[in-house]
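Enquirer: From these two lone chains plus the hints, build me the complex, please.
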Amino acid sequence: MADVRLTQIKKAFGKVEVLHGITLDIPSGEFISLLGASGCGKTTLLRIVAGLEGVTSGTVELAGRDVTALPPEKRDIAMMFQSYALLPHLSVSENVRFPLRMRRIGSREEQAEKVRDALETVQLGHLADRKPTQLSGGQQQRVALARAIVSRPSVLLLDEPLSNLDARLREDMQVELIEIHKRLGLTTIFVTHDQEEALSLSDRIVLLNGGNVEQQGAPSEIYTNPASGYVSNFLGAANLLPAVISETGDTLSARLEDGQSLPLSSDESRRGAATLALRQEDVILCPEGEGQIVGEIGTRIYLGARNRYVVHVAGTEIRVLAGTETVFEDGSRVGLTVDPARIRALPQS
Amino acid sequence: MSDRAENTLLVLPGLLLLALAFFVPITQMLVLSVSGENGPTLDHFTRFLGDPYYLNVLWRTVRLSLIITVICAAVGFPLAYIMARVGPRLRLWLIVLVILPLMTSVVVRTFGWMVLLSRSGLVPQVLRDLGLAERNFSIMQTELAIVIGMVQVLLPFMTLSILGVVTRIDRRLEEAARTMGCTFMQTLRTVVFPLAVPGIVAGSLLVFTLSASSFVTPNLLGGSRIQVLAASIYRSVTQTLDWPFAAAQAVILFAGILLILVPYARLAGGRSNG
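As they're listed, the protein sequences go chains R and A. Counting with full-length UniProt numbering, you get residues 1 to 349 for the letters of the first sequence. Counting with full-length UniProt numbering, you get residues 1 to 274 for the letters of the second sequence.
Hints may contain errors.
As the list claims (entries may be wrong) - Not everything, but these chain R residues come out facing chain A in the computed CB check (under 8 angstroms): (1) Pro-71; (2) Met-79; (3) Phe-98; (4) Pro-99; (5) Leu-135.
What the hints assert, rightly or not - Computed beta-carbon distance windows for the label pairs: (6) A:Phe-184 with R:Thr-56: 21 to 27 angstroms; (7) A:Asp-3 with R:Ser-332: 55 to 61 angstroms; (8) R:His-312 with A:Ile-95: 44 to 50 angstroms; (9) A:Asn-56 with R:Ala-69: 56 to 62 angstroms; (10) A:Leu-267 with R:Pro-27: 52 to 58 angstroms; (11) R:Thr-133 with A:Thr-167: 53 to 59 angstroms; (12) A:Asn-56 with R:Ser-83: 50 to 56 angstroms; (13) R:Ser-200 with A:Gly-87: 38 to 44 angstroms; (14) A:Glu-134 with R:Phe-13: 20 to 26 angstroms; (15) R:Glu-179 with A:Ala-5: 28 to 34 angstroms; (16) R:Ala-112 with A:Leu-130: 51 to 57 angstroms; (17) R:Thr-59 with A:Leu-122: 42 to 48 angstroms; (18) A:Leu-127 with R:Ala-69: 51 to 57 angstroms.
Said to hold, decoys possible - To give a feel for the contact side, a few chain R residues facing chain A, derived at Cβ under 8 angstroms: (19) Ala-50; (20) Thr-56; (21) Thr-59; (22) Leu-70; (23) Glu-73; (24) Ile-77; (25) Ala-78; (26) Ala-85; (27) Leu-87; (28) Arg-103; (29) Gly-106; (30) Tyr-302; (31) Leu-303.
These aren't lab readings, by the way, just hints derived from the structure by calculation. These numbers come from a predicted model, not from an experiment. Glycine is no exception: its CB is placed at the ideal position from the N, C-alpha and C atoms.
Only chain A is shown next, with the shape it has when bound in the complex (with noise of 0.2 angstroms):
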């Protein structure tokens, strides 16, 4: 056999799973958010744009995503760092401790946060007794809350992603850098952050698309009130039973996230690349 069928027919696993659950539906998806009454009809679409209310929601979730990138980015960087740098023995209990909220169900995690979060919950409690809130204060069904818990249930996949990187930069790097007259933080900024970036990079599209398609926590978390766009499509499709929208408000989401990614990943990969 030639290495070309070879190969072709180790690809061809992977490939039918994704035809399968993957094309196949997107597909049926696109035609749905296009059908009407009488044939094919963008109506579902001018709806959705012409609407204030969505998009609203649609700058929501874009917005928010883009926050929850950025704080896990910020958070994550020294993280990895610190895990990349630490014994192998702490290295192990601080991947641990990263992945551990991933043990919990999703559902689980973000009813912890409700009971931290609520009006009576322990954190608005503790700034009321600082004298820092009102009385009413609470944070659930905040924007804030959302990021909160998403921040947190993503913060792994960021943290592992620039750790894989991290742990491959020569440690030497770093002691040139400080014989050559680099304090600690320049030698982090000058030599580990720019070769640290395609982790960053792989991170970000991971946590970006992860959040703008996330339901459960922003739902929980927001409330009916703070609505993302995945929280609408699942209204659609269970409240008001108008799949067409549904599938016009999913393209939607999954065009702007690719209008967003690919740039973004064709800028980064150009810069650690070239």
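Okay, chain R solo, but in the shape it has when bound (with noise of 0.2 angstroms):
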């Protein structure tokens, strides 16, 4: 275990700077999600964590020591790839040994031990002679992850190691690396670009966007207290709307581009031009007259439990999700009323 501290990185690939100084605080044992859209550099910094990549500017360091020079081979981490990287001439069983007899940790005898722990961690055991060729997906996604965790290294990196897993596995997969790290207590960098992966594992989520840390926090509190447009955009729940937010007497307002206003929580500091972002759970559809704005119902997607809407309001589309027991017609008119204190107020996108 040990903390990772990156200070000021930056990368270019020839002219094209892709990491523009980023500075990140990893305290040790913690689960850390970069996340982002692809090209933000949340793989490029990976790999820089892990030595794939030299850095053009700023440090890294491993347990208060600088490795910014060093070669993957002499840093104490390991790395499960999305494509897995099983060796294909290894058997399963050699493929998990392999980190132990390259940095030569223990005996024969103390190898084969921790290979058959690190198998039964992730239920292979009884797969140890197979070639990781005649595995499927999923277990060759734990063989990785095994022979990710077998050397216990201080720290763990995981490249998008659950985005070729279908829907089923990745939520068991989810559930096994939470209790591995809990179990463990690695410090563990998970890359991602999938935002309900990220809240529902990490400690802490970092969200890059275009090579800067656009905001970091712990996942209720990012996805609570987006700081920006592009946050709550990319958090995937929030609908945005273009408002003017202006005071009358005691009661704060949001007026919408068509002039229906929304009233706001009286705790908002903004005034004037400002984007409202609304989570689409937080969006409570009515008959028309009953709601506080109205908007008209453009589809209807069914998805088994709710439903979802696309509504016109203002002239935005924004998303709903509701329940199945009231069904609104495509083409008709409703009422929408949101709690003013779920309502975010971001400076204007």
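Expert: This is the structure:
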């Protein structure tokens, strides 16, 4: 276990700078997610921690030691690749033993013991003698995980390890990752573009955008208090509505572009032109006339337990999650209500 | 038409060519090798196998071919790895560079080596000037000359065979090995090399057969004193006009290559699959 400290990391490929000075402190034992759209530099940052990529400037410290100039094999890390990167000419148990063999950890017997333990952890003990090509995607994934944790590295790096799995397997693996992290307490850096994965797995999320840290914080904090339109948009849950916030007497309200207005909580400090972020589960649909504002149903998408509606409000499309007990027809006019305390006002975007 | 019939039709031209250009002459050669004045005989074979001179020629052919194959593999593997890992532009140039020798005739290339290696040539001269060789030193008409000349001719076959396999090795595997504690050289040994084995095997088969049956380069660089089997066959055909004996030598060369290659291909193929 060790802490990771990145200081002013800059990285350029040729003339294109992809990381613009990223500083991150990751305390020992933390599970941190680097979240962002493709091309935001999250994988590059992970590869820099691994030593597979050099930096243009800045320093990487593992456990208080500057490792910026060290090659990957001299860093006490393990990495799990999106494509698993199992060695096809070695059996499952030889694959898992590989890091122990190369790093000369323990005697032959101890290594065999550790390999057995790691394979048991991922419930693959019975497949030890197979070749990786004889395994399913989910099994290969587990082998890769076993191989990553077998040497008890100081830092575990995961590069979108779940993105090639189908939905059910992915949920199983998420649970497994959380449990393994709890048990071993490895400092873990997890790269993903899937906001749900990041929200459910991590102690802390670092949201990257265009080579900069857009926001970082605990999942609940980042979800409830997105710092910008980009963040709330990326977290996928929010609708963004342009509005002008003004005060009349004691009440604060936001006027939408078509003149309708929504009451805001009096805690809101922002005034003037702004962007309102409304999460899709916080908007309540009701018959026209009963709501605070009025919109028109565009499309209904049936999700099983819930319906998702696309609603036209003030010239913008918003998404609303609603129960299935009342169904609103396409094209009908509906009222919308939002708890003022649940509306976030963000800088105009 | 059924799939089977279509497949047969597709394979037919190749089969015909093979039958005409390969099986017919081989059969003729086999027949010729056992023909004597009074019906079938094994005299030609006993003459070859009973004569230390010819056994020596056979042994030299096999030995030199093995040496050439090993050198080609040792040079070709790192070369192919570098070619697979550099950018596409540089790779193109390297491929051109490797193939370039194949674009000139064998004879011209071999004369080039004669100029370089003969007593007054560049290489012995430099060695003499450096005090590393005696006054009469020459590389011409030695086995070394044959090896040097043949390695240059056959290196492209080895390199391109390995290149085809190495380019298909996922780079992530090497990166994964590095994160698991391998140095660069250990990665080459434990990851790249085992996965490149099929290419090395294919290249070795090509290089070994081509060098065992080659004639021009060994003949010109080795001279008449250092004979290889192909040259000996040529002499029997053109100088002593002993066609049955030439055919017997050809059969021995053919059988010898098969005897070495079949177990090798099986061994290596079995390892890379299993």
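Enquirer: Now tell me if each hint is right for this structure.
Expert: How the hints compare with the structure:
Hint on Pro-71 of chain R holds. Least Cβ distance to chain A is approximately 7 angstroms, under the 8 angstroms limit. Because the beta carbon of Met-79 of chain R sits about 4 angstroms from the nearest beta carbon in chain A, less than 8 angstroms, this interface hint is met. Against a cut-off of 8 angstroms between C-beta atoms, the interface hint on Phe-98 of chain R holds, since the closest Cβ of chain A lies about 5 angstroms away. A distance limit of 8 angstroms between C-beta atoms decides the matter here; for Pro-99 of chain R the minimum to chain A is near 4 angstroms, and the interface restraint holds.
Hint status for Leu-135 of chain R relative to chain A: violated, with the closest Cβ pair at about 16 angstroms, above 8 angstroms. Evaluation of the 21 to 27 angstroms hint for Phe-184 of chain A and Thr-56 of chain R yields a pass: the beta carbon distance comes to about 22 angstroms. The beta-carbon spacing between Asp-3 of chain A and Ser-332 of chain R, approximately 59 angstroms, falls within the hinted interval of 55 to 61 angstroms. Judged by the Cβ atoms, the range 44 to 50 angstroms given for His-312 of chain R and Ile-95 of chain A is violated: they are separated by roughly 59 angstroms.
The beta-carbon spacing between Asn-56 of chain A and Ala-69 of chain R, approximately 58 angstroms, falls within the hinted interval of 56 to 62 angstroms. Distance hint for Leu-267 of chain A and Pro-27 of chain R: a CB-CB separation of about 54 angstroms, consistent with the stated range 52 to 58 angstroms. Evaluation of the 53 to 59 angstroms hint for Thr-133 of chain R and Thr-167 of chain A yields a failure: the beta carbon distance comes to about 19 angstroms. Distance hint check: the CB atoms of Asn-56 of chain A and Ser-83 of chain R are about 55 angstroms apart, consistent with the given range 50 to 56 angstroms.
Between Ser-200 of chain R and Gly-87 of chain A the C-beta distance comes to about 41 angstroms, which sits within the given range of 38 to 44 angstroms. Glu-134 of chain A and Phe-13 of chain R have their C-beta atoms about 57 angstroms apart, which leaves the hinted 20 to 26 angstroms range violated. The given range of 28 to 34 angstroms is broken by Glu-179 of chain R and Ala-5 of chain A, whose C-beta atoms sit roughly 59 angstroms from each other. Taking 51 to 57 angstroms as the suggested C-beta distance range, the pair Ala-112 of chain R and Leu-130 of chain A conforms, at roughly 55 angstroms.
A hinted range of 42 to 48 angstroms is violated for the C-beta pair Thr-59 of chain R and Leu-122 of chain A, which are about 53 angstroms apart. A hinted range of 51 to 57 angstroms is violated for the C-beta pair Leu-127 of chain A and Ala-69 of chain R, which are about 43 angstroms apart. Look at Ala-50 of chain R: its Cβ gets to within about 6 angstroms of chain A, closer than 8 angstroms, so that hint holds up. Checking Thr-56 of chain R against chain A: minimum C-beta separation of about 20 angstroms lies over 8 angstroms; hint violated.
For the restraint placing Thr-59 of chain R at the interface with chain A, the shortest Cβ-Cβ distance is roughly 20 angstroms, beyond the 8 angstroms limit, so the hint is violated. Of the supplied interface hints, the one on Leu-70 of chain R is violated, with its beta-carbon coming no nearer than about 11 angstroms to a beta-carbon of chain A, more than 8 angstroms. The beta carbon of Glu-73 of chain R comes within 5 angstroms of a beta carbon in chain A, closer than 8 angstroms, and the hint placing it at the interface holds. The restraint placing Ile-77 of chain R at the interface with chain A holds, with a minimum CB-CB distance near 6 angstroms, inside the 8 angstroms limit.
For Ala-78 of chain R, the interface hint holds, since its Cβ comes within 8 angstroms of a Cβ in chain A; the closest pair sits about 6 angstroms apart. Here the hint on Ala-85 of chain R is kept, as its CB sits about 4 angstroms from the closest CB of chain A, short of 8 angstroms. A least Cβ separation of about 6 angstroms between Leu-87 of chain R and chain A falls short of the 8 angstroms threshold, and the interface hint therefore holds. At about 4 angstroms, the closest approach between the beta carbon of Arg-103 of chain R and any beta carbon in chain A falls short of 8 angstroms, and the interface hint on this residue holds.
Interface restraint check: Gly-106 of chain R against chain A, minimum CB-CB distance 13 angstroms, threshold 8 angstroms, status violated. A hinted interface residue such as Tyr-302 of chain R counts as satisfied when its beta carbon comes closer than 8 angstroms to some beta carbon of chain A; here the least separation is about 40 angstroms, so the hint is violated. Proximity of Leu-303 of chain R to chain A is violated relative to the hint, the smallest CB-CB distance being about 36 angstroms (cut-off 8 angstroms).
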